[in-house]
Amino acid sequence: MSTRLNPLLESRAVRIGLTLVAAIILLLFLFAPLVVVFGEALSKGLGAYLDALTEPDTLSSIWLTLVVAAICVPVNLVFGICAAWCVAKFDFRGKSLLTTIIDLPFSVSPVIAGLIYVLVFGLQGWLGPWLRDHGIHIIFALPGIVLATLFITFPFVARELIPLMEEQGTEAEEAAVSLGANGWQVFRRVTLPNVKWGLLYGVLLCNARAMGEFGAVSVVSGHIRGRTTTMPLQVEILYNEYNMVAAFAVASLLAMLALVTLAVKTFFEWRYAKELAA
Amino acid sequence: MMIDIRNVHKTFGGFPALSDVSLKIKEGELVALLGPSGSGKTSLLRILAGLEFPDSGQVLFDGGDATNVSVRDRRVGFVFQHYALFRHMTVFDNVAFGLTVRRGPGRLSKEEIGDRVRHLLEMVQLGGLAERYPSQLSGGQRQRVALARALAIQPKVLLLDEPFGALDARVRKELRRWLRNLHDELKITGVFVTHDQEEALDVADRVVVMNKGRIEQAGTPTQIYDSPATPFVYQFLGNVNSLECHIRDGVAQIGSLTLPASAYAGVQEAAGLAFVRPHDLLLSKMGEGAGAQAEVRHISILGPLVRVELLLGEQVLEAEISRQRHAELGLKIGQQVLIWPRQARFFLRDSWQGTSLLDPETPIDHAI
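Going down the list, the sequences are from chains Z and B. The first sequence begins at 1 in this note's numbering and counts up one residue at a time. The second sequence begins at 279 in this note's numbering and counts up one residue at a time.
It cannot be assumed that every hint is accurate.
[Said to hold, decoys possible] Short, incomplete list of chain Z residues facing chain B, as computed with Cβ under 10 Å:
{"hint": "1", "residue": "E171"}
{"hint": "2", "residue": "E174"}
{"hint": "3", "residue": "S178"}
{"hint": "4", "residue": "L179"}
{"hint": "5", "residue": "V186"}
These are computed hints drawn from the structure, not numbers from a lab. Beta carbons: idealized from backbone N, C-alpha and C, even for Gly.
If we strip away everything but chain Z, and leave its shape as in the complex, we get (with noise of 0.2 Å):
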């Protein structure tokens, strides 16, 4: 029950105007480079775009992508929740703290992030002398990768949940309190089915954004061709040696990523509206 204005209160010039304009940089900016990548992976053929995804060294990288994804998303999802959780419905000394520090992520550069793990971990840095004398690889290493990936997307699905939380305060959770349920009844069934749609979508820009992380993984994982370079890395790698049809095949998985991040989150929103609307 929003008061909209009525759109037809605008003149017909400039309600055309307007939508054309929004048309054109979409198409523009959005749709023709989407368009691009696709042409330039098949710009020899289906053959060749195969061959290029399913040459050695660009399978390990999707296959370590894919891996990276699978640490990350789970941790940050418990992490989230957790976090949301607590700053949505507790009060507590160093809250304004703890909000500070989950977005830190999104005001740090990528490299950054990466460089200060270098700084830990390498092997001038805090850390290095001893981990490598207890033979333990993180930079350079599938472990130094996933903590960069963990950093950045650290703030996604907590930053999705608070406010939801935060909008929805603590009421329905007193009801399901005052009829009897315990502390995990009371998440299961009440907290979390209400933040369950913020949750997904939280869950998919994490995974997007642990997929599609170039800069601070760029820094610890040392381009070992076939070993270290996620799918980002590997695009830029084949790039750089000109080999256009296979940085673009791997260039064309990562937007198909985004296309199905927003088809799901899309029929998600379709299927289940009438309880979105609840």
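Guided by the hints, dock chain B onto chain Z, whose structure is given.
Just chain B, lined up with the frame of chain Z:
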């Protein structure tokens, strides 16, 4: 269930929400906590529910100390101001919630739960809406779902926070009646919070008027309305004229009006306030009977009643007279009339400033 609240104190961040509140609620009684916002009525209700805990004092349920029993174990049915329905659940699942979360020996089978929920939905006249979601219901229907949900756990006491606050006037009146009937049927002890005096007087067996974290007066609607214990209660319940007066040797002087105040016979010279209900103010033509001279400032016709605004000296008064009396008097704006209070009540200024406002000994009734 019988409830005994003993000397409860509660502060929120240094601000006293409740100071030394004591109240007994009898088995099966329906009590209204009435007061302006910030009077502590909701805090008291939440303490009864176990959603808040008092800083000091005790809450006894049927004689047993329940002060530190958590809301989960209190078996209270709490109906929230904005219903707090579970938005992602159907009406049926909302009502069933308290039964499905139950663990241990008290757990009911699916069939038993279904039967009880259907019975409750029939009772709140929502039998056909079990599969709807809360967003598909009207305000009044949501309120009834919240009530059915609270009753599902067979609570020993039903607590309602501003139960009709968010509803429009017509639905509110209807639901009020209905709640009263439901209470008479179930005979469950009930406490509800309201800032609407009409609602409190209409529905409750007993009204507890609260102000600034204290109980001003507790009594039946008749007691509260007819013999308010404090100036606050006088002003909060119903329309009232409060007039500056001087009390000397058992006589009160309001402008040119002299009234007996025999209970203050020992008082030498004191400033006070006189309270007169608009319908207790009699009007007559000049030269016909006793009273003080006042000027008619404004006349508004409110259905069967006529409200007359009068100027007595520098003080403005309101009188309510019947349409018939209005016709007899032939009132016009600017006309001089005689006024006479059928009933007035006096409070000494000194005695109701500060804490002695609550001293039940201070106010004295005066039928004139």
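Check: Holds or violated: is the Cβ of V186 (chain Z) closer than 10 Å to a Cβ in chain B?
Finding: Cβ of V186 (chain Z) sits 9 Å from chain B, so the hint holds.
Note to self: A closest beta-carbon separation below 10 Å is what the hint needs, so does E171 (chain Z) meet it against chain B?
What the structure shows: OK, holds: E171 (chain Z) within 10 Å of chain B, min 4 Å.
Checklist line | Hinted contact E174 (chain Z) with chain B - closest CB pair below 10 Å | finding: holds (6 Å)
Checklist line | Proposed interface contact between S178 (chain Z) and chain B, which counts if any beta carbon pair is under 10 Å | finding: holds (4 Å)
Notebook entry, point to check: If you take the shortest Cβ to Cβ gap from L179 (chain Z) to chain B, is it below 10 Å?
Noted result: Given a least distance of 3 Å, the restraint on L179 (chain Z) holds.
Violated hints are absent here; each numbered hint is respected by the structure.
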